[in-house]
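J.: The primary structure of each chain is shown beneath.
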Amino acid sequence: MPSPFIIDRSSVTQIMAWVLAALLPGITAYVWLFGPGILVTLTLASVTALAAEAAMLKARGYPAKPFLADLSAIVTAWLLALSLPSLAPWWLIITGTLFAIVVAKHLYGGLGQNIFNPAMVGYAVLIVSFPVQMTQWAGPLELTLVEPGAVQLSLAQSAAVIFGGDLPKATLDAITMATPLDVLRTGLYQQLTVDETMTQAIFGHYGGVGFEWLAAAFLLGGLLLWALRIISWQVPLAFLAGIWLTAGFLHFFDAGRFGAPWFHLFSPSVMLCAFFIATDPVSGATTPRGKLIFGLGAGFLTIVIRTWGGFPDGVAFAILLMNLCVPLIDQYTQPRVYGEAIVKRDDGTRKEPRT
Amino acid sequence: MSRELFKFKGGIHPPGHKAESTGRPIHPAPLPKKLVIPLRQHIGNPARPIVDVGERVLKGQLIAAADGAISTAVHASSSGIVSAIGPARVPHISGLPDECITIETDGRDEWIAHGPLDYQAMTRADLLAHLRDMGLAGLGGAVFPSAVKLDPGAAQTCPTLIINGGECEPWITCDDMLMRTQADAILQGVAIMRHLLGSSEILIGIEDNKPEAIAAMQAATAKTDFAVETVSLPTRYPGGGAKQMIETLTGKQVPSGKLSTDIGIQVFNVGTAYALARAVHHGEPLISRLVTVTGHVLRAQNVEALIGTPFDTLIQLAGDRDGTTGVLMGGPMMGLPIPDTSVPVVKATNCILVESAELFPPPPKALPCIRCTRCADACPAELQPQELFRFAKSDDFGRAQEYHLFDCIECGCCSYVCPSHIPLVDFYRYAKSEIWARERDKRAADLARERHEFRLFRQEREKTEKAEKLAAKAQAKRAELAAAPTEAGNSGTSEADAKKALIAAALARAQAKKTETTPQNTDNLSPDTQQEIAEIETRRAKIRALARKPLESEETP
Amino acid sequence: MLTAILVMVGIAVVTGLVLGWSAIRFKVEGNPLAEKIDAILPQTQCGQCGFPGCRPYAEAIAKGEADINQCPPGGEEGVKKLADLLGVEPKSLDETHGTSKPKSVAFIDEQTCIGCTLCIQACPVDAIAGAAKQMHTIIAAECTGCELCLPPCPVDCISMVPIAEDLPHWKWKHPVIEIKPVELKRVA
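Protein chains in written order, with the numbering used here: chain U, 1 to 355; chain E, 356 to 912; chain H, 913 to 1100.
The hints are simulated quantities; they were obtained by calculation from the structure and are not laboratory data. Glycine included, each C-beta is placed from N, C-alpha and C at the ideal position. Careful, some of the hints might be misleading.
What the hints assert, rightly or not - Derived Cβ-Cβ restraints for the label pairs, each shown as a range:
1) E:K824 <-> H:P1064: 22 to 28 Å
2) U:F253 <-> H:G922: 46 to 52 Å
3) H:P1080 <-> E:S555: 58 to 64 Å
4) U:R229 <-> E:S711: 27 to 33 Å
What the hints assert, rightly or not - Listed below are the simulated EDC-like cross-link pairs for lysine to aspartate or glutamate, each with C-alpha atoms no more than 16 Å apart in a straight line:
5) H:K948 <-> E:D580
6) E:K598 <-> U:E340
7) E:K797 <-> H:E1054
Said to hold, decoys possible - Cβ-to-Cβ under 7 Å is the rule here; a few derived chain E residues that face chain H:
8) H637
9) S711
10) A712
11) R784
12) Y785
13) I790
14) R806
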C-alpha cells in the first residue's frame, strides 16, 4: 500500500449524511406547512431504495454492506420523495424509487457511474407515465384548513390515503390542490394575465403560500452544505442566476404572460434542485467553469420548459438534459494547469497578492 | 513580515507531528560493521566504481566517479576494506537489488587527506568539476546532482536563489534541526551558491510551524555580508515543494515542462547548502546526512548517519517497539514503504518513519469515484485528478497525457482528501511508468527497424558490389585475352573466340588447382594404414545405409 | 437551358482543376497506411507472421492480404491497436503463428560456440558480433528476441533469456482496489 499513508477523515458516507442532514430544515418546514404526509412518503421511498439497492448489489456480485452504508440510496430516495406530491399513492412512490435505483443507478454501473441523476430519472418517468396522480398535492394547511369539510390529516390518515386512497372524495378534493405553477399555467390558458392569476389565494409574497417558506427552508439547508464545502458555490449560484436571468428577461418584455423571477426562484423545486439535485457530483460537471455552465444551462432550460413545455415544472427535464451535456462541457472547460501558458502580466505574476 | 506573499492553489493541512522528533538533540549514529553504498543514489547515470574488491579505502575517499553529464560521485563513508562490488538490496519499494559497493569498516574511521578550498580563486568550471567529485546531490528528496544545478549555463547568472527550508511533509524534522543548529554553515553554503549563480536576490523560505529555525536563520542572516531574507511562510502542504515555494515567494509559476532556471530562479534545500559548505570549507564529500527517525519508536530523534548505514541500526538507536507494521523512507505523504529494513541510508533518506496500526491505520476499503472534485480543489498542480484517475485506470494513457499527467508532482493531496479513499497517486505512478516503458519499447522498435532496413540495404549493396566486381574481372580477363592473340599474330578477335578462350583459361585454372590441392595426408602411407582406411570407409558406408533405412521405412510404412 | 449547361460545365471545370491541383499538391509519398501499421508492429523482424519482416507484413495488412492477428510479439495489445487503426473488430491472436512470450534476448554460450557465422547471417538486425572461427556474442541492447538465430546454430549454443526486471526498468503495477471481494473470491 504506497503513499500517502494518512488520509483525511472524510468519507462518502459522511458527505451523504450531511446532505441528508441539510434536508432536515426543508422536511421540518414541509411537515409544518403541509402536514405529516411527507414522512410516510420519505419512509416508503427509503425502504424501497434500500431494498432495491441491496437486491441490485447482490445481483451484481458486490458486497452489500459498504455500499448500503454509503447512504447514497437514501439521498436519492429523499430527493425523489420531496419532488413527488405529498399524497401520491404508494405504488407511484415505489415505481419511481425502483426506477431511480435499478435503472438509472445500477444498470449504469452503480455508485459513481450513473450519467443521469437517479432521482430526476424517477421523477421524469412518473410525470410522463402518470401525469394525473402527479398532481395530487396536499395544499398548504394555511389554505386548506379554511375550506369546508377539510381536516388536517394525521400521520395515520396520510398513510391511509397513500396506501388506500381511503378518503371521502369531498375531503380529498378539499385538502389537495394544484401547485402555484399549475395554477399559473391554467390561468394563462384561460387568457388571464399573470397579475390577474396571482390575485388567487394560493399565491403569497413571492411564490405560493407555504411553498415560499418551504423554498426558504431548502435554501437554509443548502447554505449549510456550502458552508461545509460539501457543495461548491458555482452550481447553485449559476442555477439560480439562470432562473433569475431567463425569467427576468421574459418578465421584462411581457409581464402579463411570464411570471416574475422571484416567483420562480421561490418555488420549492427550484431551491431543492439548486442545492441538492443540480449539485449531484456524479452526474454533474466537474470543472469550475463547467459547473457554471451546467448551472446556467439547467436554470435556463427550467424556465423554458416551465414556460413553453407540456409539464408544469421543468426542473427534472432541465437537469436530465444538462446531464447529457456533461462530458462535452467537461472536455471543453478543462482549467489551466500549474505552469501552463502563463498569462503574462507586467511582472510575470498571475494572481493577486495575499495581504 | 515585510515581504508580500502569494498563494499557490490547492494544498492540505495534515497533522504535523513535528514535535515528536525535535525534542532531542541530534545524535551521531554508531559506525556500522558494514556499509553498503549504492552507486545510484542520485538522478542520472549511476556512478562508475574506481576501486577493486579487497582494496583498503579511507573515509571520504572517492570510490565511484561521476559518469556522464548528469551524475555525481560516491565516496567511502568510513575507512575499511571493499568486500563486494555488485547487486545488493537498496531502499526501494520494489525490494530489487542494485549495484553497490560494500565496505567492511575497520573501526578506525580514518580520514583521507582533506582541507578547505579557496573557491573564490578558482574558475567556475574547475569549481563545478570539483563539486561533482564531492558527490553533492539535492538532499530535499529529488537528489538531483548539485553541480549541474549550480551551473547557470548560457544565461551566466540566475537572479533569484531560493533556499528551501519548507519541510512541509509531516513527521520530518531533519531540515528544521539543521537550521536550528547549523544556520551559519548553511549560509556559508549559500554564499558559495551565490558566487556560482551570480544571484542578486536570495530568499530562505521556512514554514511558520518552525519558529526556532526561523529565529536561528534570521540571527545568522543578520551577520552575512550579502543580502539574504528569511521568509516565514504559511504552513500548508506541499508548500515546501520547489514549484509551490517559488509561487509563494515570487508569484511566478514554472512553465509546464520547463525548469525554474528558465524564469531565473534556482531552488536548493537547506541540507544541500550545508553539504556544500562542508565540501568547500572542510573538503568533506557528502558521506553523511541528517535522518529523522520517528513514528512508532521509543525515542524519536534526528541522527547524523553515514551513507550506507543500515536502517535497522538507526531504528534500534531510536528504540524499536512491538507492533511495527512497516517502515517508510520519507514522510507519510510521499514516502515509500521499504520492504526490507536492512537496506542502507542513501543521500535521499531524509526520514525513516516507523509505522504502527495506531499511527497509520490502514485506509478503509475504496469506493467508486463520485466525481466530487475535492481532489481537484486540493491539487497544487491545478490538475483534474478525477479525470486522470479515470484515464489511468482504463489504460487510456494518451488521454492521461493530454490532461497533463506529467505535471503531477505525486504530492498525495488528492488521495488524502478523497472521500472514496481511492489510491489516486498509485494510479498516476502506474500510468507514468507504463508510458515511460512504452516510450522505451518504441525507441527499441525504432532502432530495430533502422537496423533491419540498414541490413536489407547492406545486403543489396553487397550483391551489386559483387556483381560489379565480377563484371569488372570478366572485362579485365577479356581484355587480356584479346591482347594475347594479337601478340601471337592471330587477328581473330570475334566475341565467340574470346569466350572460348575464357572458358579454356578457366578450365586450365581449375585443372591446375585440382592437382595442387590433392590431399596430402593419404599419400605415402603404409599398406596397413591404407587397409585400415578402407575398412573404416566400408563401415561408414554400412552405417549410412543403416541410418537411411529406418527413415525410408518411416516415410513409407 | 444554355445557362444551366454552362454553369454545370463551369462547376465541373473548376472542381476538376481543384482536384487535379490537390492531387499534385497533397501527393503522399509511399503507402501511408502501411507506414502507420509498421509503426505499431514491434519490429522484432521475427517472421512469425509468415512475412519476411515487419514491413512486408504491414504492407500485406494494408493491402488486405493478411489478418491483423498474426504477430505474437505484438501480443493482444498490438492486435487491439491495429484494430483501432483499421477500424475493425479486435480478434484474439492466431495461435498458428505462435504465442506471445515474455520479452527475451538471445544469449550465446561462448564455450560451445564454434564461430560458424550462421547466426550472424540469420540475425535480422545485425545484433550479433563476431567473425568466422571467432567467438560470437549478442549485442543485448539491439537484440529483438526474434529467435531466428536459434535454428541455424549447428551446436545449439544459443538460448533465449527472459529480460529480468531491474531497478531502472521497474514499473508500478496497476493498483488493485478491493471493492468487489465477492468477485475476487470467485476468481481465486
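J.: Let's test the interface hint: is any C-beta of chain H closer than 7 Å to that of E:I790?
T.: Status violated, d = 10 Å.
J.: Tell me if E:A712 is really an interface residue toward chain H, meaning its C-beta lies closer than 7 Å to one of theirs.
T.: violated (18 Å)
J.: Hint E:H637 vs chain H: min CB-CB distance below 7 Å?
T.: violated (33 Å)
J.: Has the hinted range 22 to 28 Å been met by the Cβ atoms of E:K824 and H:P1064?
T.: Given a distance of about 27 Å, which is inside 22 to 28 Å, the answer is holds.
J.: Is it true that the C-beta distance of H:P1080 to E:S555 lies inside 58 to 64 Å, as the hint says?
T.: violated (40 Å)
J.: Can you confirm whether the C-alpha distance between H:K948 and E:D580 stays at or below 16 Å?
T.: Judged against 16 Å, a Cα distance of about 63 Å means the pair is violated.
J.: Straight-line Cα separation of E:K598 and U:E340 no greater than 16 Å?
T.: The hint holds at about 13 Å.
J.: Given the hinted pair E:K797 and H:E1054, is their Cα-Cα distance within 16 Å?
T.: holds (13 Å)
J.: Was the hint right that E:R784 lines chain H, CB cutoff 7 Å?
T.: holds (4 Å)
J.: Classify the hint on E:R806 as holds or violated, based on whether any CB of chain H lies nearer than 7 Å to its CB.
T.: holds (4 Å)
J.: Holds or violated: the hint that E:S711 contacts chain H, with Cβ atoms closer than 7 Å.
T.: At about 22 Å, which exceeds the 7 Å cut-off, the nearest Cβ of chain H leaves the hint on E:S711 violated.
J.: Do the Cβ positions of U:F253 and H:G922 conform to the proposed distance bound of 46 to 52 Å?
T.: holds (49 Å)
Hint compliance for this structure: hints 3, 5, 8, 9, 10, 13 are not met, and every other hint is.
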